[in-house]
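Engineer: Could you slot chain B onto chain A? The hints should help.
Chains A and B are the protein sequences, given in the same order.
Just add 1005 to the spot in the first sequence (first one is 1) and you have my numbering.
Just add 1005 to the spot in the second sequence (first one is 1) and you have my numbering.
Source of the hints: derived by calculation from the structure; they are not laboratory data.
As the structure is a prediction and not an experimental result, all values here were calculated from the model.
Some clues are possibly wrong.
Heads up, the list lumps identical chains together, so a pair's fine if it works in one copy or across two of them.
Okay, derived cross-link-like pairs now, BS3-like style, lysine-lysine, Cα gap no bigger than 30 Å in a straight line [stated by the list, open to error]: (1) Lys1203 <-> Lys1083; (2) Lys1203 <-> Lys1301; (3) Lys1209 <-> Lys1083; (4) Lys1090 <-> Lys1169; (5) Lys1118 <-> Lys1090; (6) Lys1060 <-> Lys1118; (7) Lys1294 <-> Lys1209; (8) Lys1279 <-> Lys1118; (9) Lys1279 <-> Lys1090; (10) Lys1302 <-> Lys1196; (11) Lys1060 <-> Lys1083; (12) Lys1302 <-> Lys1090; (13) Lys1196 <-> Lys1025.
Read off the chains here:
There are 2 protein chains.
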Amino acid sequence: MGLLIVGSVALDSVETPFDKIEDALGGSATYISLAASYFTAPIHLIGVVGDDFSKEYIELLENHGIDLTGLQIIEGGKTFRWGGKYHYDLNMRDTLFTELGVFETFDPQIPEKERNDRFVLLGNIHPSLQLNVLSQVNDNAFTVCDTMNLWIETAREELDEVVKQVNVLIINDSEARLMTNESNLIIAARKIMEMGPKYLIIKKGEHGALLFGEDQVFSAPAYPLEHIFDPTGAGDSFAGGFMGYLHNTGDLSFENIKRAVIYGSAVASFCVGKFSVKGLEDLDMLQIKDRFREFKKLALFNEGD
Amino acid sequence: MGLLIVGSVALDSVETPFDKIEDALGGSATYISLAASYFTAPIHLIGVVGDDFSKEYIELLENHGIDLTGLQIIEGGKTFRWGGKYHYDLNMRDTLFTELGVFETFDPQIPEKERNDRFVLLGNIHPSLQLNVLSQVNDNAFTVCDTMNLWIETAREELDEVVKQVNVLIINDSEARLMTNESNLIIAARKIMEMGPKYLIIKKGEHGALLFGEDQVFSAPAYPLEHIFDPTGAGDSFAGGFMGYLHNTGDLSFENIKRAVIYGSAVASFCVGKFSVKGLEDLDMLQIKDRFREFKKLALFNEGD
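Isolated chain A, as found in the complex:
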C-alpha cells in the first residue's frame, strides 16, 4: 500500500537575495512528494491544479515515480499562485501575493483504492480540508499533519480537531508558542501533546528539531549550512523525508521515528541548498545516507572513562 500525500500544488514566484524565479513548481504536496520519492513508492499525490499547469511539471513529478491519479486538473481553472520575497536574513519573508485559483474550491477526493493507504501525510492546507481527508481514509492509518500560523489564528477549532485525530503533528517553534501562548517550548510541547497526538515534532530551523513522544524527547541537530539559497519548502521536505522513510521501513518504534526525523532533516538540508525545487530534483540515496552519517557525527559524544 502507498503513501498518501495531500496538499497544495502551486506556481511559486520567489525572490531571495541570491536569485529570482517566476511560476516555478511549488506547493506543499509537491515538496513533500519529491522528498519522499527518494525513500519509498508508491506515492499518491492528492491535489488540484488549473490547465495552466505545465506538462513539464507533471513530467518532473512522474519521473520521480509520483502517482498523479489523484491530482485534479480543472479545465479553464488557474493553478494556486504564491509570491514571496526573502530578506537578507532568510528567516524573514514577505508574502507578495496569494492567488488561490482552483485551490479555493479544492475538495480532496481520495480515489477508492487509495483509501486503504496506511500512511497519510496532510500537508499544510486548511484544517477543514485535512478533516475531510481524515474522514475518507482508513481509521488505522498512521497520520501526520503539518499546519501554519494562519490556521492557528483563523481556524483554531478545526485545527484542534485535526490535532486530536492525527498520530503526529509537525510544526515550527513559533507556531508551537502561538498555539499554546507559552514561551517555554518544553511546556508548549507538553500542552500540545495533551491535545491528542502521539508524537510531536517541533522544527527549529537552524537549531534543529525536537521530537516528543510519551515520556520521551529526542533532540535532532541542524546541519551546519553556510549557504541557504532558498528556504521555501524546507518544512515540507522535512515532512516528506520523514514520512517517506517511515513508509519504507514500516517501523513505528520511537527509535525508528528518531531516524526518520534525521532523514527528514537531511533532505531539508539539500532542499534549501538550491533554488526552488532544484535541491530535490537530482538526489540519490547515497548522498542522503552520507548526510545522515554527518548528522550522526555532529551529535555523537561518549561517556569517556
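Structural biologist: Chain B only, in chain A's frame:
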C-alpha cells in the same frame, strides 16, 4: 597545578516573575568557581570585593574548596553590585543598576605560585583586564575566555587581541552575530575561528550549544527544562563545568572537549533550576553524571539496518 579563574565577584539584586533577592552572592568568577568545584581542585579565584562582602559568602566559597588567596578585599571599598529584572519571557532582562565599586580599579594580580597554572578561565570582564591576566600567566596555559555584547561594542580592539591569544572563546549566539555582523551562525563561527582561537563555543540557550574546532563541529542538545527560575549565571556555570571537567581530566582531545561541553551544559541546567547560586550549592557528581547520561539519551540515534 590548579585552575585559575578570573572574574567578577558581586552582590546581585535579582527579580524574576518567581522570586526576588537582594545583595545575593553573584558575579562571573563566583558562578564559574562554584560550577568547577564539583569537578576539580584546587581552584584559584582571582577577584576583588569591598569590606562589605559578607563572611558568609567567603565561607560558602571556601566550603566548596575554592582558594581565595587571590581575592583582594579592599578596606572601606564597596563590592560590585548589579541589579536586574527578568521579564515573564526569561530571555529578556533589564539591568536596573550597575555600581562598579572596587571593581572600577580592579588590577588582577596573579600570586606568584599560581602563574604556572596550566588552565586559565577568563570570566566576562573588560578585555584589557583579560589581557593583563594573559600577560601574567604561563604561555603554555590552556586559556578560555568569556565575553559579552558590551565589550564587543565598546572595547573591540582589546577584545580582538584576547580572542587572538586564547585557546577557547565562549560566547552566545547573538554575540557571535554581533561580533561578525553576520546572521548565519555557521559563517559567523568560521569568521571568529579565523581570528585565532583553536576552539569556539556558541551557547544558544534553550537550543543547546555548538562547539567548533578545526574542521569539526559538535552540536550539543539543551536539557528540556520546563521551569527556569533564574537564568543568572547560566553562561558562567557552563564555563565553570566545562573548564572544571577539562582541568580534572587533563585531556584536550576534541572528543573530550565535547564531553566538557555536555558537563558544562549539565551544570548550567542545575544552576537555572533554582534562584541565585542556590542551584550550585548542593550538587554532587552523581547527579551531574546522571544528567550527563540524560543529555546522551536526548541526542542518541542509530543508523538502523
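Engineer: If a hint holds in the structure, say so; if it doesn't, say that too.
Structural biologist: Tested hints:
1. Lys1203 <-> Lys1083: neither (38 Å within a copy, 57 Å between copies)
2. Lys1203 <-> Lys1301: Both, since 25 Å and 23 Å are each at most 30 Å.
3. Lys1209 <-> Lys1083: neither (34 Å within a copy, 45 Å between copies)
4. Lys1090 <-> Lys1169: neither (34 Å within a copy, 39 Å between copies)
5. Lys1118 <-> Lys1090: neither (40 Å within a copy, 61 Å between copies)
6. Lys1060 <-> Lys1118: within (25 Å within a copy, 80 Å between copies)
7. Lys1294 <-> Lys1209: Answer is both: 22 Å inside a copy and 28 Å across each meet the 30 Å cutoff.
8. Lys1279 <-> Lys1118: Neither way: Lys1279 and Lys1118 sit 36 Å apart in one copy and 58 Å across, limit 30 Å.
9. Lys1279 <-> Lys1090: within (16 Å within a copy, 44 Å between copies)
10. Lys1302 <-> Lys1196: between (32 Å within a copy, 23 Å between copies)
11. Lys1060 <-> Lys1083: Classified as within: same-chain Cα gap 14 Å, cross-chain 78 Å, threshold 30 Å.
12. Lys1302 <-> Lys1090: Neither: 35 Å inside a chain and 40 Å across chains, both beyond 30 Å.
13. Lys1196 <-> Lys1025: The answer is between: 28 Å across copies meets 30 Å, while 40 Å in one copy does not.
Of the numbered hints listed earlier, those contradicted by the structure are 1, 3, 4, 5, 8 and 12.
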